[in-house]
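Each chain, letter by letter, is given below.
There are 2 protein chains.
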Amino acid sequence: MFQNLVHAKIFQSYIEQSQFPTAPSNLYDPIRYILSLSGKRIRPMLVSMGTALFDEKQVEASLPASTAIEYFHNFSLIHDDIMDKAPLRRGKQTVHQKWNDSVAILSGDALLVKAYEELAKCPADKMVPLLQLFNRTALAVCEGQQYDMDFEIRPDVSEDEYIEMIRLKTSVLLGCALQMGAIIGGAGKDEQELLYDFGVNLGIAFQLQDDLLDVYGDPNTFGKQVGGDILSNKKTILFIQLQKKLQGNDLQLFEHLLACDVQQEPDKVAKMQTLYAKYDIQNIGLALKEEFTALAYDRLRAISVEESKKDQLFSLADALMHRQQ
Amino acid sequence: MFQNLVHAKIFQSYIEQSQFPTAPSNLYDPIRYILSLSGKRIRPMLVSMGTALFDEKQVEASLPASTAIEYFHNFSLIHDDIMDKAPLRRGKQTVHQKWNDSVAILSGDALLVKAYEELAKCPADKMVPLLQLFNRTALAVCEGQQYDMDFEIRPDVSEDEYIEMIRLKTSVLLGCALQMGAIIGGAGKDEQELLYDFGVNLGIAFQLQDDLLDVYGDPNTFGKQVGGDILSNKKTILFIQLQKKLQGNDLQLFEHLLACDVQQEPDKVAKMQTLYAKYDIQNIGLALKEEFTALAYDRLRAISVEESKKDQLFSLADALMHRQQ
Chain P
1 MFQNLVHAKI FQSYIEQSQF PTAPSNLYDP IRYILSLSGK RIRPMLVSMG
51 TALFDEKQVE ASLPASTAIE YFHNFSLIHD DIMDKAPLRR GKQTVHQKWN
101 DSVAILSGDA LLVKAYEELA KCPADKMVPL LQLFNRTALA VCEGQQYDMD
151 FEIRPDVSED EYIEMIRLKT SVLLGCALQM GAIIGGAGKD EQELLYDFGV
201 NLGIAFQLQD DLLDVYGDPN TFGKQVGGDI LSNKKTILFI QLQKKLQGND
251 LQLFEHLLAC DVQQEPDKVA KMQTLYAKYD IQNIGLALKE EFTALAYDRL
301 RAISVEESKK DQLFSLADAL MHRQQ
Chain U
1 MFQNLVHAKI FQSYIEQSQF PTAPSNLYDP IRYILSLSGK RIRPMLVSMG
51 TALFDEKQVE ASLPASTAIE YFHNFSLIHD DIMDKAPLRR GKQTVHQKWN
101 DSVAILSGDA LLVKAYEELA KCPADKMVPL LQLFNRTALA VCEGQQYDMD
151 FEIRPDVSED EYIEMIRLKT SVLLGCALQM GAIIGGAGKD EQELLYDFGV
201 NLGIAFQLQD DLLDVYGDPN TFGKQVGGDI LSNKKTILFI QLQKKLQGND
251 LQLFEHLLAC DVQQEPDKVA KMQTLYAKYD IQNIGLALKE EFTALAYDRL
301 RAISVEESKK DQLFSLADAL MHRQQ
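For the record, the sequence lines run as chains P and U.
What the first sequence shows, in my numbering, is residues 1 to 325, in sequence order.
What the second sequence shows, in my numbering, is residues 1 to 325, in sequence order.
Do not take every clue at face value.
If several chains are the same, the list does not tell them apart, and a pair holds so long as it fits within one copy or across any two.
Unchecked claim - Here are the computed lysine-lysine pairs in the DSSO-like style, where the Cα-Cα straight-line distance is at most 30 angstroms:
| no. | residue 1 | residue 2 |
| --- | --- | --- |
| 1 | Lys57 | Lys9 |
| 2 | Lys9 | Lys310 |
| 3 | Lys9 | Lys234 |
| 4 | Lys235 | Lys98 |
| 5 | Lys278 | Lys92 |
| 6 | Lys309 | Lys189 |
| 7 | Lys224 | Lys57 |
| 8 | Lys57 | Lys126 |
No wet-lab data here; the hints were simulated from the structure.
Isolated chain P, as found in the complex:
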């Protein structure tokens, strides 16, 4: 959906030049493979846009940082898919499924190191703050993934804990991408932080949107399987809200559905959707999403650069928040 944007095009031509050795093939083939399943490249675009917001001339200098962020994102997908035992990613076999767990662990590790190799190509005078930000973010992403796994076996996850988990697992990387751009573009500390907060809040809204699409999305346009979270009993924001509100027999039905897989209860998704409708969970989810979207937009508005320079970021945010896929 963003392929027409100029930043996406510049990045695409840069990353296509990246070369990986041919041997050992079990180390580098999986890296070529995951990168070829090209996602939307949102994160590298955020680096470029963050740079352009402050200094359009530095966009080329920001391409290694964009690549570092994209490599890191793909590293985390490879390792998360092992932990989640996911068979598919972007409609194709996951790395551990196509090869095996050992290959996925090691090629993920190598891709993380490749991310740092790109970082080492960033402007030397910005190296330390870029490295510090990237490290802080990478650790936060690991923490988020651990909380996500911990939550699978905890019955009592609160809304705040869930928001904190998605902030760590997915949102800080968007903030980091933008702030790295701002650093390379020469922004001051305050402007950097505003842009970071724009990204983090946008990321939270984006994940809440994902939760909503899983329950209410159109199966014809949603990229993933509608009801996937329901089938895996994932404690999304909607799940947590519903769990809090259920009463009487509905609570029993809910517990029953959680205890059943799709063989035991072929209508699990439909029945759960009926419960979501009855308790008006969609509106709670939408309101929360709007809250974080508004926070994000506030931060972007507060940045002291010409308003017209913010157009691209507002457009991207709008597109992300109104996507149906």
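Fit chain U to the given chain P structure using the hints.
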């Protein structure tokens, strides 16, 4: 065996101050655990010694680099143990055994990021070369581990391939540790490379020593199980040499022993040791080890600093090459 060395002491007190967050506990407890199984801390000592060789006053400034190397080493142990399905490490449960594979993958990832966090504390004017060297080495270590796994299912590994594999998997990290020290100590490019080559050749000799101890070590002093490589049919340098020389019935016996586990053939280790003795493999192994040791010492001798400053490195190398554990 090296605990009395001053560099080991300085490093120990530095690393003991390092703090990890308490939550999420499944992310940080495994890191505290693996670091508490303190090995010989050879790699951080090499950083300090590499620094001291050129500028004693910079040793304190090299402690973050030492820590980065030690964290990286422990990260690789956590992940290698998953891939090798190893139950024990330094006589204690491995991380994936004590927790599970997912915890081991993710805490390993976090420890790798922590290594880069330490790198970011190194002198800023040396940051780019340090980061480049560290990245190049980390990728080489991943390649070595992949070759090691590939070799398990390949019947025809050559001596050269084996040496290249151990160079990548274990030796370049010793060279890297020393060169990082040299960089921080202000050495020129030529001296840096001599010290790197000293470390790499020493590392190869060290691994060949390990192969020898597995077959010929004294079970009372060897830290690991004597015959462990034999039981797992590991293609060590001795295995490769023996395989090349076997004739007639001995070849059949060898193939038979490879096809048996210890239940099927309780005397597998003893019988294989008899074959090693018959073909005089120990002397071939010792000669090869001496060759790489001599190469290492040549490089150290060639470095243009006062000879007395090299004493510590020669002593450490001697101790490593004559260890029985």
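Lys224 and Lys57: within-copy, between-copy, both or neither at 30 angstroms Cα: neither (38 angstroms within a copy, 58 angstroms between copies)
Alpha-carbon proximity between Lys309 and Lys189, which holds within one copy, between copies, both or neither at 30 angstroms: within (19 angstroms within a copy, 45 angstroms between copies)
Up to 30 angstroms CA-CA - Lys234 versus Lys9, copy category: neither (36 angstroms within a copy, 49 angstroms between copies)
Intra- versus inter-subunit Cα pairing at 30 angstroms for Lys57 with Lys126: Close inside one copy (16 angstroms) and across copies (27 angstroms); limit 30 angstroms.
Lys235 and Lys98: within-copy, between-copy, both or neither at 30 angstroms Cα: both (28 angstroms within a copy, 27 angstroms between copies)
Copy assignment of Lys9 with Lys310, given that the CA separation must stay at most 30 angstroms: Intra 19 angstroms, inter 54 angstroms, cutoff 30 angstroms: intra-copy only.
Within, between, both or neither: Lys278, Lys92 at alpha-carbon 30 angstroms: This pair counts as neither: shortest intra-copy Cα distance 36 angstroms, inter-copy 54 angstroms.
Intra/inter-copy verdict for Lys57 and Lys9 if alpha-carbon distance must be at most 30 angstroms: within (16 angstroms within a copy, 50 angstroms between copies)
Checked against the numbered hints above, the structure breaks hints 3, 5, 7 and satisfies the rest.
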